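Novice: Residue numbering for the sequence shown is 478 to 979, as defined by our numbering.
Everything labelled a hint here was simulated from the structure, so no lab data went into it.
Treat the hints with care, as some may be off.
[To be verified] Just the calculated beta-carbon pair ranges, DEER-fashion:
# : residue 1 : residue 2 : range
1 : L891      : A676      : 17 to 27 Å
2 : P914      : Q882      : 27 to 37 Å
3 : V944      : G655      : 23 to 33 Å
4 : W508      : W847      : 24 to 34 Å
5 : Y930      : G546      : 43 to 53 Å
6 : W500      : E748      : 26 to 36 Å
7 : D746      : E579      : 48 to 58 Å
8 : L644      : R503      : 31 to 41 Å
9 : T919      : E965      : 51 to 61 Å
If you're wondering where the values come from, they're calculated on a predicted model, not measured in any experiment.
Ideal Cβ positions, reconstructed from N, Cα and C, are used throughout, including at glycine.
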Amino acid sequence: MRPEIALPILIPLFFGALSLAVWRSRLAQRWLAVIGTGALLASGIWLLFATLNQGPLVTTLGDWQAPFGIVLVSDLLGAIMVLLAGLMAFSAAVYSLAAMGEGHERFGYYPLLHMLLAGVCGAFLTGDIFNLFVWFEVLLIASFALLILGGERAQMEGAIKYVTINLISSAVLLTAIGLVYGLVGSLNMADLAVKFADADAEHTGLITVIAMLFMISFGIKAAAFPLFFWLPASYHTPPVAVSALFAGLLTKVGVYALYRFFTLIFTQDAELIQTILIWGGTITMVVGVLGAAAHFEFRRILAFHSVSQIGYMILALGLMSPLAIAGGLIYTFHHSVVKTNLFFVSGVSYRLRGTHELKELGGLYRAAPWLSLLFLISALSLAGIPPLSGFFAKFVLVRGALDLQFWVVTGIALAVGLLTLFSMTKIWAEAFWKAAPENAPTPPPVEPGQPLYLMYLPIIGLAAIAVLMGIFGEAVFELAMLAAEQLEDSRIYIEAVLGENP
Numbered sequence: 478m479r480p481e482i483a484l485p486i487l488i489p490l491f492f493g494a495l496s497l498a499v500w501r502s503r504l505a506q507r508w509l510a511v512i513g514t515g516a517l518l519a520s521g522i523w524l525l526f527a528t529l530n531q532g533p534l535v536t537t538l539g540d541w542q543a544p545f546g547i548v549l550v551s552d553l554l555g556a557i558m559v560l561l562a563g564l565m566a567f568s569a570a571v572y573s574l575a576a577m578g579e580g581h582e583r584f585g586y587y588p589l590l591h592m593l594l595a596g597v598c599g600a601f602l603t604g605d606i607f608n609l610f611v612w613f614e615v616l617l618i619a620s621f622a623l624l625i626l627g628g629e630r631a632q633m634e635g636a637i638k639y640v641t642i643n644l645i646s647s648a649v650l651l652t653a654i655g656l657v658y659g660l661v662g663s664l665n666m667a668d669l670a671v672k673f674a675d676a677d678a679e680h681t682g683l684i685t686v687i688a689m690l691f692m693i694s695f696g697i698k699a700a701a702f703p704l705f706f707w708l709p710a711s712y713h714t715p716p717v718a719v720s721a722l723f724a725g726l727l728t729k730v731g732v733y734a735l736y737r738f739f740t741l742i743f744t745q746d747a748e749l750i751q752t753i754l755i756w757g758g759t760i761t762m763v764v765g766v767l768g769a770a771a772h773f774e775f776r777r778i779l780a781f782h783s784v785s786q787i788g789y790m791i792l793a794l795g796l797m798s799p800l801a802i803a804g805g806l807i808y809t810f811h812h813s814v815v816k817t818n819l820f821f822v823s824g825v826s827y828r829l830r831g832t833h834e835l836k837e838l839g840g841l842y843r844a845a846p847w848l849s850l851l852f853l854i855s856a857l858s859l860a861g862i863p864p865l866s867g868f869f870a871k872f873v874l875v876r877g878a879l880d881l882q883f884w885v886v887t888g889i890a891l892a893v894g895l896l897t898l899f900s901m902t903k904i905w906a907e908a909f910w911k912a913a914p915e916n917a918p919t920p921p922p923v924e925p926g927q928p929l930y931l932m933y934l935p936i937i938g939l940a941a942i943a944v945l946m947g948i949f950g951e952a953v954f955e956l957a958m959l960a961a962e963q964l965e966d967s968r969i970y971i972e973a974v975l976g977e978n979p
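Using the sequences and the hints, build the whole thing.
Specialist: This is how it looks when you write it as structure tokens:
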């Protein structure tokens with residue numbers, strides 16, 4: 478077994494079990510969270526460098542060779558996503574030390590956090606579609622429990638929408654998996670790519686139907702149009718650390734699955750799939766940004782922007798060129814970093830002012846100038862202002878669209894960027910620049926042992942990453958292009974899993 482492939486799954490499982498073992502010690506659970514997520518981040522870095530140096534890595538479980546046994550696979554796409562999971566998890570764990578209340582911590586926050594991470598990393602690394610479903614259910618259970626942690630009315634309302642729509646997605650996914658197995662008798666992704674490529678013409682229609690079922694399921698999990706409303710209905714209800722982690726990771730699992738399936742397995746009816754993805758992504762961009770423009774609650778605005786930014790990632794996949802896909806991968810990483818950071822900033826503003834409503838906020842520029850600067854870095858990056866990460870990600874994606882002469886789509890993508898800047902300007906004007914209202918809410922009480930600097934540390938770190946991704950854009954682009962070329966040439970993945978003569 479290749480330890481570097483299994484560690485991103487084993488580490489959160491181990492630390493989750495350890496957190497349960499020390500259930501009565503809040504301090505021990507907090508330390509285990511930081512150590513465990515730090516170890517996950519380190520394992521993600523190791524996995525990325527190993528994959529970069531050696532090519533796609535494969536390990537089999539129980540000595541059953543593919544396609545019959547369970548395999549874990551790490552190509553550059555999977556390794557990048559695992560690194561992203563580790564980075565988001567470590568940031569959230571440090572932030573939680575000062576942001577998560579004792580009641581939440583004593584009712585399973587940290588074990589659930591580790592369980593969620595195990596599900597996310599398992600989904601990124603599994604090599605067969607049934608285990609992808611299993612890992613989806615693991616992270617769904619953990620995310621639902623985290624969403625209702627605290628039991629407030631708004632949380633329960635958001636959680637009902639969240640779990641209902643995601644259970645529908647899981648049912649559609651399981652149906653598609655059953656149809657796949659009934660058609661070709663295999664669940665291994667590499668084996669499916671070979672068998673679908675060699676399928677008889679009479680099965681083309683059924684394969685297209687199955688592809689649409691997978692697209693619907695993963696589109697729901699990614700919060701794509703039209704079944705996206707569960708995200709803005711739920712992401713603003715849990716504690717801020719949970720909202721930030723969800724924004725950085727959960728929808729990216731759906732995006733990852735779309736990239737994996739529609740570059741590897743379902744490549745037959747490319748024109749139809751391309752059309753659906755391009756216009757689905759475009760509509761998702763527009764709907765999300767319009768929702769953000771219409772709201773005045775800090776976290777709800779950010780939640781709608783998550784929907785909008787998912788549209789860019791789906792559009793990049795729909796363009797189906799190495800350059801556009803590279804732009805989509807850069808955009809995925811960039812969005813996770815800056816959106817998580819913006820949720821973190823909203824948590825600090827709540828601690829200082831006691832509300833997330835923009836109309837009740839104000840004066841943060843004078844009261845917390847460093848927070849204002851950190852907000853501007855992430856907000857301008859989200860809007861695509863140079864030289865930050867968002868500009869570079871959007872530039873590569875737009876260049877890919879222009880090379881393929883998708884003029885209308887390119888114009889819409891640029892217009893959405895302007896509306897994103899409008900929303901970020903609205904937050905700046907209401908929360909930071911204007912004077913604090915006279916009848917401002919009272920800030921919430923702070924529990925002992927929760928210094929404010931622990932909330933600032935991950936914000937500073939993620940803001941620095943957003944800046945560095947722009948400054949060292951060439952290195953980021955080269956890595957993304959290598960990952961995109963691996964996705965474009967599916968033989969690399971297939972030969973790594975099945976051997977040179979599958």
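Novice: Within 17 to 27 Å or not, the Cβ separation of L891 and A676?
Specialist: violated, 40 Å
Novice: Is 51 to 61 Å respected by the C-beta to C-beta distance linking T919 and E965?
Specialist: holds, 56 Å
Novice: Quick check on a hinted range of 48 to 58 Å for D746 and E579, using CB atoms only.
Specialist: holds, 54 Å
Novice: If I claimed the Cβ atoms of W500 and E748 lie 26 to 36 Å apart, would that claim hold in this structure?
Specialist: violated, 55 Å
Novice: Between W508 and W847, does the C-beta distance stay in 24 to 34 Å?
Specialist: Given a distance of about 27 Å, which is inside 24 to 34 Å, the answer is holds.
Novice: Cβ-Cβ distance between L644 and R503: within 31 to 41 Å?
Specialist: holds, 33 Å
Novice: Between V944 and G655, does the C-beta distance stay in 23 to 33 Å?
Specialist: Cβ of V944 to Cβ of G655: about 47 Å, so the range 23 to 33 Å is violated.
Novice: Are P914 and Q882 spaced within 27 to 37 Å by their CB atoms?
Specialist: 50 Å Cβ-Cβ, so the 27 to 37 Å window is violated.
Novice: Is 43 to 53 Å respected by the C-beta to C-beta distance linking Y930 and G546?
Specialist: holds, 49 Å
Figure legend: structure checked against the earlier numbered hints; hints not met, in rising order: 1, 2, 3, 6.
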